[in-house]
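A.B. asks: Sequence:
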Amino acid sequence: MAVSFDLFGTLVDVSYPENPARAVAAELDARGVAVPDDWDDAYREVHIDAPDGAEVPLPAHVSAALASRGVDAPNNAPRHAVVSAFDPDVTTRPGAREAVAAAAARGPVGLLSNCSVPELVGRTLVRADIARDDFDAITTSVACGWRKPHPDAFTTVAGALGVDVSDLIHVGDDPETDGGITELGGTFVDVADVPLSAFPAWLEDRWG
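Under the UniProt record's numbering, residues 1 to 208 are what the sequence shown spells out, in order.
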């Protein structure tokens with residue numbers, strides 16, 4: 001048995017740009033990239049044909065959006081712009097540290113996060129009251145290539161934790177994405193039903 005946690009909306013809350021397209025545009029402009037006049041439209045359009053459930057890294061999307069308007073962005077400017085635009089303010093949710101510690105006391109514990117922004121999970125953990133070292137494995141959609149509820153997202157973290165996916169307890173806040181673990185025989189714990197503060201007791205009853 002192992003436990004994995006969702007990050008955003010489960011263990012932490014973070015601030016996001018009110019207008020992501022404009023935030024990215026400002027960072028591109030600061031790096032000397034000529035932002036198209038119709039950038040809002042370009043940002044919203046689909047430019048990369050990805051399989052269902054696959055993660056498209058946001059820098060790749062931004063590069064493709066610029067290229068669709070004939071704009072070249074050298075020196076990895078899209079990645080740097082995206083990372084800067086989504087630099088987070090972080091609030092650790094009540095009970096998060098205790099929930100992770102309770103899981104770690106009983107077996108391997110992982111983090112499984114849908115996130116299209118490189119470095120965002122790492123930057124978030126640096127600013128949270130939980131740390132990278134609190135987890136035996138960290139799996140992000142931008143790294144593994146698949147977003148929850150795609151089965152490969154769950155099997156990736158389960159494999160990294162050394163358990164069968166059916167032996168994975170996944171804690172999250174979104175039944176549509178995090179709840180996908182149940183299709184693979186695992187267990188979903190919705191923080192709306194079992195708050196983080198109550199998770200150690202839930203785990204004690206379940207696991208002993």
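One should not assume that every hint holds.
Derived DEER-like restraints, expressed as beta-carbon distance ranges [said to hold, decoys possible]:
| id | residue 1 | residue 2 | range |
| --- | --- | --- | --- |
| 1 | Glu183 | Ala67 | 15 to 23 angstroms |
| 2 | Gly185 | Arg44 | 32 to 40 angstroms |
| 3 | Arg69 | Arg206 | 52 to 60 angstroms |
| 4 | Ser68 | Asp205 | 52 to 60 angstroms |
| 5 | Ser68 | Arg22 | 12 to 20 angstroms |
| 6 | Asp89 | Asp167 | 33 to 41 angstroms |
Derived from the structure by calculation, the hints contain no laboratory data. Yeah, the Cβ is synthetic: ideal placement off N, Cα and C, and Gly gets one too.
A.B. asks: Could you work out which of the previously given hints the structure breaks and list their numbers from low to high?
C.D. replies: 1
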